[in-house]
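All chains, please: the whole structure from these sequences, using the hints.
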Amino acid sequence: KNLAQLMKLNSEETVYKAATMLANAPAVHVLGLRSSFAPAYSLAFGLGQIRQRVYLMDLSSGLLAEQAKRVASTDLMVLISFPRYVRESLLMAQEAKASGCEILAITDSFSSPLTMQADIALLAPFESSSFFNSTIAMYGITNALLVETAQIMGDKGVKELERLSSIEQRWKLLISSEDAGRPNLKDD
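Numbering (the working numbering), first residue to last: -17 to 170.
Don't read these hints as lab results, they were simulated from the structure. Mixed in with the good hints there might be a few duds.
[To be verified] List time: in silico DMTMM-like cross-link candidates among lysine to aspartate or glutamate, alpha-carbon distance up to 25 Å:
| id | residue 1 | residue 2 |
| --- | --- | --- |
| 1 | LYS(-1) | GLU77 |
| 2 | LYS(-10) | ASP101 |
| 3 | LYS(-1) | ASP101 |
| 4 | LYS79 | GLU48 |
| 5 | LYS138 | GLU150 |
| 6 | LYS79 | GLU(-5) |
| 7 | LYS141 | GLU130 |
| 8 | LYS138 | GLU84 |
| 9 | LYS(-1) | ASP57 |
| 10 | LYS79 | ASP101 |
| 11 | LYS138 | ASP57 |
| 12 | LYS(-1) | GLU130 |
| 13 | LYS51 | GLU77 |
| 14 | LYS51 | GLU70 |
| 15 | LYS141 | ASP57 |
| 16 | LYS154 | GLU144 |
| 17 | LYS(-1) | GLU142 |
| 18 | LYS79 | ASP57 |
Here it is in structure tokens:
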């Protein structure tokens, strides 16, 4: 139900415009707190594979104000928040707006406090029949943004992926399913 609604709430044109912002901004800062942290992390992780200067912002270090200070007027701020909205997300939206940077909000409705601050908003329904809100639409929209951004970036995105893959191979960061069963994974 939420995925079907997701398609109705966001036009292809709006998703393309948001992906273009993600591809072209000098730097992208991503903030999602509490239940919005996981999709924010997923978006920042994926973007970091295909472009440089992607920064995941969080409260864990207690330095959110210091992170806000680093946002330049030419950057893009991506804010992800759903009810119950977190105060720091709105404060970051207001700070980013005051700095002159563009804001992409991923939220639940046009009445969300983030949409009032945003240059562009993508909507992801979260209704669920259980106590926990459904996150499937959040991941659906972030995945659509990643795919569209990668297509827009073209060869630049591929080169960033190749560069990352080279580092991962040199550092032997990833193991294959065949290696996972080996008792000793020390350097070969």
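Hint by hint, here is what the structure shows:
1. LYS(-1) <-> GLU77: Cα-Cα ~23 Å, so holds.
2. LYS(-10) <-> ASP101: 20 Å, holds
3. LYS(-1) <-> ASP101: 11 Å, holds
4. LYS79 <-> GLU48: Given pair LYS79, GLU48 holds - Cα atoms ~16 Å apart, limit 25 Å.
5. LYS138 <-> GLU150: Holds, at roughly 19 Å.
6. LYS79 <-> GLU(-5): Since the Cα atoms of LYS79 and GLU(-5) sit roughly 23 Å apart, the hinted pair holds (cutoff 25 Å).
7. LYS141 <-> GLU130: 17 Å, holds
8. LYS138 <-> GLU84: With a Cα-Cα distance of about 22 Å, the restraint between LYS138 and GLU84 holds, given a limit of 25 Å.
9. LYS(-1) <-> ASP57: Holds, at roughly 15 Å.
10. LYS79 <-> ASP101: Given that 25 Å is the threshold and the Cα spacing comes to 9 Å, the pair holds.
11. LYS138 <-> ASP57: Within the cut-off at roughly 19 Å; holds.
12. LYS(-1) <-> GLU130: 10 Å, holds
13. LYS51 <-> GLU77: Cα-Cα ~9 Å, so holds.
14. LYS51 <-> GLU70: Roughly 14 Å separates the two Cα atoms, so the pair holds.
15. LYS141 <-> ASP57: 22 Å, holds
16. LYS154 <-> GLU144: 15 Å, holds
17. LYS(-1) <-> GLU142: Holds, at about 22 Å.
18. LYS79 <-> ASP57: 11 Å, holds
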